[in-house]
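Based on the sequences and whatever the hints tell you, model everything.
Line by line, the protein sequences give chains A and B.
Here our numbering is used: the first residue of the first sequence is 1, the next is one more, and so on.
Here our numbering is used: the first residue of the second sequence is 1, the next is one more, and so on.
Source of the hints: derived by calculation from the structure; they are not laboratory data.
Warning: the hint list may mix true and false statements.
As the list claims (entries may be wrong) - Cβ-to-Cβ under 8 Å is the rule here; a few derived chain A residues that face chain B: (1) Ala127; (2) Gly155; (3) Val328.
Claimed, not checked - Cross-link-like lysine to aspartate or glutamate pairs, in silico, EDC-like; alpha carbons within 20 Å at most: (4) B:Lys163 x A:Asp326; (5) B:Lys257 x B:Asp247; (6) B:Lys106 x A:Glu316; (7) A:Lys222 x A:Asp62; (8) B:Lys106 x A:Asp325; (9) B:Lys106 x A:Asp326.
Backbone N, C-alpha and C fix where the C-beta goes; we use that ideal spot for every residue, glycine too.
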Amino acid sequence: MDVSTEIKRADLLRMYYYLRLTRTLEDRITALYRQGRIVGGVYTSHGMEAISVGYASALERDDIIAPFHRDMGAFLIRGITPGEVVAQYLGKRTGPTKGKDGNVHIGDLKRGIIGFVSHLADNLPVATGIALAFKIRGESRVVITNTGDGGTSRGDFHEAMNFASVRALPVVFFCNNNQYAYSTPLRLQMAITDVADRAKAYGMPSEIVDGNDVAAVYLAAKRAIHRARSGAGPTFIETKTMRMHGHSEHDSAQYVPRELLEEWKKKDPILQAERMLVQLGYADEATVRDVGEQVAKAVEVGVEFAEHSPLPDGPETLDGVFATDDEVVP
Amino acid sequence: MTTAASGQAITYLEAISQALDEEMTRDPRVFLMGEDIGPYGGAFRITEGFQKKYGEWRVLDTPLSESGFVGAAIGAAIMGMRPVVEMQFADFISCAFDQITEVAAKNHYRWGAPVPLVIRAPFGGGVHGGPFHSGCQEGWFFHSPGLKIVAPSTPYDAKGLLKAAIRDPNPVIYFEHKFLYRRIKAVVPAEDYVVPIGKADVKRVGSGLSVITYAAMVHLALEAADLLATEGVDLEVVDLRTLIPLDKETIFESVRKTGKAMVVHEDNKTGGIGAEIAALLAEECFDCLDGPIVRIAAPDTPVPFSTPLEEFFLPNVSDIVTAARKLAAY
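If you want it as structure tokens, here you go:
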């Protein structure tokens with residue numbers, strides 16, 4: 001892979017910015033959680049930021065994402081602001097779901113984001129239907145969906161993979177293989193080493209990529225998106241990575257061997273990206289410092305916005321159970 | 001396919017088929033998905049000839065995967081299509097339960113995207129279907145905010161409610177009773193019409209007692225009313241037509257007039273829709289009740305196969321007559 005010829009400098013720098021923004025924002029949210037200022041769970045993509053930053057950077061504006069709970073980078077790239085994310089975590093009316101749903105359950109059709117459902121793999125059939133709509137209408141759009149290694153054990157994963165392949169739908173399935181589904185290690189989740197093997201059963205091409213290498217993820221996504229857009233059908237991409245925190249921030253993840261975490265710490269996606277940028281001559285220490293200052297400021301502005309935002313009123317509970325006729329084209 | 005003609009009597013099944021045909025002609029966003037609905041025309045032949053007329057991408061045969069294709073329909077609906085999915089038998093809807101209750105029902109409430117989806121569910125007994133082809137599943141969904149539920153009893157209502165369901169911006173489960181498919185015929189208007197969702201219909205005006213029911217049981221109630229008329233027991237038959245949102249006003253108005261209420265349904269008695277109606281009447285109409293609220297429903301067993309067992313299981317005319325005589329005597 002020759003990154004310098006395959007990816008534009010500006011695109012790489014933009015991805016680096018979003019890696020840093022994602023890390024800084026999630027670290028800040030974790031800190032708020034430790035201070036007891038956040039209600040509910042905190043689910044981060046710590047150490048896995050390259051996956052959603054990589055795939056979301058490879059999409060066009062009109063494309064759609066149906067993410068899972070470790071895809072913060074994708075939200076930010078699609079235009080969700082740090083302020084909206086923190087507001088969502090705080091249950092504020094200014095969050096994308098106006099307090100109806102929490103944390104990473106962010107959906108916004110205008111920005112091409114399908115809201116995440118906690119039941120892992122539920123969004124995969126939904127993604128196939130989005131792709132089906134594109135295909136029926138002859139639109140040149142694609143959808144990317146993501147789930148974890150554990151999510152691939154569910155029937156919905158298999159039903160979605162099968163249907164997408166049978167109908168050659170323009171969808172790309174990502175699988176963030178971070179070795180653990182909550183506390184369950186991969187060996188108790190499946191009897192195969194590579195999740196990508198599952199794609200063979202559906203006649204679907206697959207790739208295995210280093211999930212901590214943002215350039216590798218981006219290029220794999222580009223290839224799969226191109227294949228989908230050209231009408232050749234879906235692709236499955238397994239991104240190998242490691243969940244560096246617990247399932248949620250309340251979980252100290254004592255069940256993960258410390259040596260495994262030490263080993264993966266050396267492969268941190270942000271450090272890898274920095275090394276690459278320096279090697280290519282795209283960045284130096286000053287760039288790293290500048291980006292750090294920019295993202296820190298963006299996050300502080302966001303926290304300020306969220307903390308000063310109003311909470312919803314109790315009776316708003318009753319709003320929105322049903323859509324009204326004026327919300328859709330008749 | 002039956003084309004609409006003024007003055008021509010059509011069956012309940014033909015009414016469903018006509019509604020689908022006319023809506024597909026009217027709106028290019030409407031498309032059908034399900035098992036064996038294409039060249040075969042569906043297990044009950046409702047979509048016979050449709051694929052020839054509308055093509056393979058608007059009448060899609062799916063793999064055997066209820067969760068997968070309901071999920072796909074949700075995705076397409078979010079993207080602005082108007083999918084109508086067919087459960088081959090309503091019993092199989094259990095495989096799609098999660099997609100319906102967690103994804104479709106909660107989507108608009110959570111993040112504001114409407115899901116204009118119709119699920120056709122051929123339900124009910126009396127057809128020697130046994131435990132897996134005869135059930136009533138409306139009670140499961142009655143308790144899931146965000147879904148609308150309809151269950152027509154006549155060709156007129158079947159056609160008008162299906163059109164209303166397709167035009168509704170919300171997920172609607174359309175329970176069509178298999179026993180009625182070819183057993184009842186009626187003249188329906190040739191011109192376009194809808195039966196509004198949320199409106200019950202008094203199928204027989206009476207003064208003695210109110211029978212509140214829906215789907216196939218409406219016909220038993222009407223038969224019972226004819227038998228009892230000679231004895232001076234005057235039944236009013238309220239056909240709910242829509243289960244969610246329930247037309248409470250029509251129910252209350254009828255019971256306030258007659259002072260007596262009987263709820264009849266084919267679903268199991270415990271936790272059925274009759275329980276909710278009885279509770280509503282106790283809350284809202286207590287002071288106008290002249291007798292106990294009576295429920296006629298199936299016993300709390302699966303639907304048995306053998307004829308004498310199924311006959312025992314299903315509520316019948318004589319159950320209604322006997323209970324009505326007793327209630328009328330209060």
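Earlier hints that do not hold, by number
No hint contradicted; all consistent.
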